[in-house]
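2 protein chains.
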Amino acid sequence: MRTLFSLIAAVCAGTLSVSPLQPRPVSLVVANGIVVTENQSRRVIQRGAVAIDGRDIVAVDEAEAIAARFTASERVDADGGVIMPGLINTHTHAPMVLFRGLADDLALMEWLQKYIFPAEAKTVSPEFVRAGTRLAALEMIESGTTTYVDMYYFEEEIARATREAGLRGVLGETIIQFPVPDAKTPAEGIARAERFIEGFADDDLITPAIAPHAMYTNDAATLKACRAVADRLHAPVIIHLAETKDEANGSQQKHHKTPVAYLDSLGFWGPRTIAAHGVWLTSDDMRVLARRHFGVSHNPESNMKLASGWARVPEMRRAGIPVGLGTDGAASNNDLDMFEAMRQAAFLHKLMTNDPRAIPAPVAIDMATIDGARAIGMDREIGSLEPGKRADVIVVSMRAARQTPLYDALSHLVYVTRGDDVRATIVNGKVLMRDRRVLTLDREAVLTEARAMAARVREAVRPGGGK
Amino acid sequence: MRTLFSLIAAVCAGTLSVSPLQPRPVSLVVANGIVVTENQSRRVIQRGAVAIDGRDIVAVDEAEAIAARFTASERVDADGGVIMPGLINTHTHAPMVLFRGLADDLALMEWLQKYIFPAEAKTVSPEFVRAGTRLAALEMIESGTTTYVDMYYFEEEIARATREAGLRGVLGETIIQFPVPDAKTPAEGIARAERFIEGFADDDLITPAIAPHAMYTNDAATLKACRAVADRLHAPVIIHLAETKDEANGSQQKHHKTPVAYLDSLGFWGPRTIAAHGVWLTSDDMRVLARRHFGVSHNPESNMKLASGWARVPEMRRAGIPVGLGTDGAASNNDLDMFEAMRQAAFLHKLMTNDPRAIPAPVAIDMATIDGARAIGMDREIGSLEPGKRADVIVVSMRAARQTPLYDALSHLVYVTRGDDVRATIVNGKVLMRDRRVLTLDREAVLTEARAMAARVREAVRPGGGK
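Residue numbers (our numbering), protein chains in the order written: chain A, 1 to 467; chain B, 1 to 467.
Hint data in this document are derived by calculation from the structure and do not stem from the laboratory. Even for Gly, the Cβ is constructed at its ideal location relative to N, Cα and C. Take these hints with a grain of salt, some might be off.
What the hints assert, rightly or not - To give an idea of the chain A side of the interface with chain B (calculated C-beta under 10 angstroms), a few residues:
#: 1; residue: D104
#: 2; residue: L108
#: 3; residue: S143
#: 4; residue: R343
#: 5; residue: R399
#: 6; residue: R458
Here chain A stands alone, though its shape is the one from the complex:
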């Protein structure tokens, strides 16, 4: 009897052909589910499976075909639920989960000046950011997000915690004109961003980025310097854009231009730019963004809760802009559940356009997956279940009373499903959560650490409290 080694050697040498009936060994099969592929034809396989080897998807097909072609060393059973691409949260500030519910229902300036700025000034440290990122990662894994776009301080700490949790991240070090917890000046921030980007070059999970906060919180020189760093290091740029009416009006008063046109005049727009919000874009602005293939991150819950306004997503989509979905930071939403973002996107635009056909369920799912991938320039790697792409896959239960009966899985994903229905989360071929048990984080330790940090936050916003 031949040894395994001699068999492999024979196959490699071409002296032995592998029979098509011989199942190929792969690392992981996700089986027994309704596969929502999000591929070009938006194929939905009612009884399907996904074969994964190492970090990549190798096949997506009918359950029987996968069973015949592959044997897996590890198996995830979807139990009749949905197997779909991991969700892509295109805009958040992960560590701000530690501020969630600290102060709500306030006008923006009161909220920032009385609560968020004092709390940040007194509490944000590498330790705080690590604890916050771990909590955010726990919440994201538990609710089916596999890739997220971040903008905060001490971004290298966020990157390390994200990698440890096993999530994929496009992580932007924030640049801002005034002193912030990790930089006294914008120049210091830019130097930190350069070190960060160089330090995480070619990482399998982390795409380091530079994130000038907004056009109104940075001067022209800083904005230009950020673009130069991004170009030199081939890094994405993340920016808040046209979020509030104040930003749009301020830009007109100061520069006699919209925020988009002002940034255009600086030469700020370049490759792989992710603009968050886009609430106050004009139709001309949309044409500029579409022509340059910029992605927009739409954050319906944050825009509603902060009364920022309505982002005209149907028009953006018609203009050809790739629009992804985001939750925004948990200080303004207050959670990171992308199923809520999908539902809100589907609800909001129907109301605002008076058209119940605006953003139907399948489009909301596109925005949370393949369109999100396009918006962040990663649609060749993620966003759909297709052979050759990274194996970022989630399994969503369809067994709740509120999901019964089941006529249409796409409708249920958007209109009756919660993040808590996610049963398994897989990133880069690695199972991060199985049967709702997160494998890469010590859940109780993460929650305990977060509660300890919250005690510091409470002290910081107490009248007369903090340093």
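With chain A fixed as given, assemble chain B onto it according to the hints.
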């Protein structure tokens, strides 16, 4: 040693006084939680408990005080979560859960004519309504609703299934001008409604009602006849009101009046009337409703999903109208989760008024509890945790990652909590769900039965299918 009987006799005779240290036996204590009372002063007790005897609340106080004053034969531990009044869903069509997700993202008329009407005509029967109500009851118990207002066909079947599940219901037999599954004519429907109301008089859980569908689906004679029945039998009246622009425009064209003024001119408005939606009310309409103490049921998710428009709830509240929250039927929402309704109410009005202070979290909670009770004329019995009121109580976990840290329970209830976080549901002093296990329904049997009914629905809407 005295017998228990002689002790009681002595107490009653006044010859023996009960020591204040002697704990009083009660049937149930809900302990170890943050008690959100929703009483007049909106007291929140950070470490509190609720004592219940039989169907009534006997005390709401600090945990230590309750422990000292009462011994309970049954105990529910809130594990540091929230203890609050059961949620009141002021508008739904319970059995329509069997149509959820059947057809979404369509214009209203296409949705009704191609899907809902054919499906109803071919499937709605007493058996169908029972199965649907059981599924809806399961979902409501699992998501913390303890009282709901319904409007559908075969309402006596709904009432029986509701009572068996242990829920409280204000249940209205639908009256409509054209033939419907349980009545060929409105006169037949009204006769059925009378029998139904008489059959459930003085029921502890069921308040039978009459529900003329809308001013545009009934003629003047039918509307007047409904009011006469309600007056004679002291029953509530439930009606859809000013839901769509078409209804408002149609009323102007046909009657040269708003729907409210038209109904006023018929003498339709009388005691205990619950009007669903109120999207297209004028300020004059609001004054009419306020003067007559009518309740409005606000259904933000349904109004958004069907693109019906924005109900001006902040203005209604300022006008003095009691406004409760509803989910509407699951064919148009698509679930019965009142936490989603609270969050949507908080989000929607901030956006539409450009004011992040509009409908803050505590007001959204009011609308789902005490204001809902006021809107349906039951605020002396339910809607808050106060001694003497019925013991309709829920326990909500605060241990999810997305609920960590916890600064403010009221914020968390609205912005990060889901129906699935409800751990225990108590109605009329009876525990319907404990540790997420529903005790009054066989969960698997209910889901299986619902799936069997769904097969009939699928057949009914299949081109060329059904009868």
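Tested hints:
1. D104: Interface hint status for A:D104: holds (5 angstroms vs cutoff 10 angstroms).
2. L108: With a minimum Cβ separation of about 7 angstroms from chain B (threshold 10 angstroms), the hint on A:L108 holds.
3. S143: Since chain B brings a Cβ to about 7 angstroms from A:S143, closer than 10 angstroms, the hint holds.
4. R343: Hint on A:R343: holds, closest Cβ of chain B at ~8 angstroms, below 10 angstroms.
5. R399: holds (8 angstroms)
6. R458: holds (7 angstroms)
Violation of the numbered hints given earlier is absent; every hint is satisfied by the structure.
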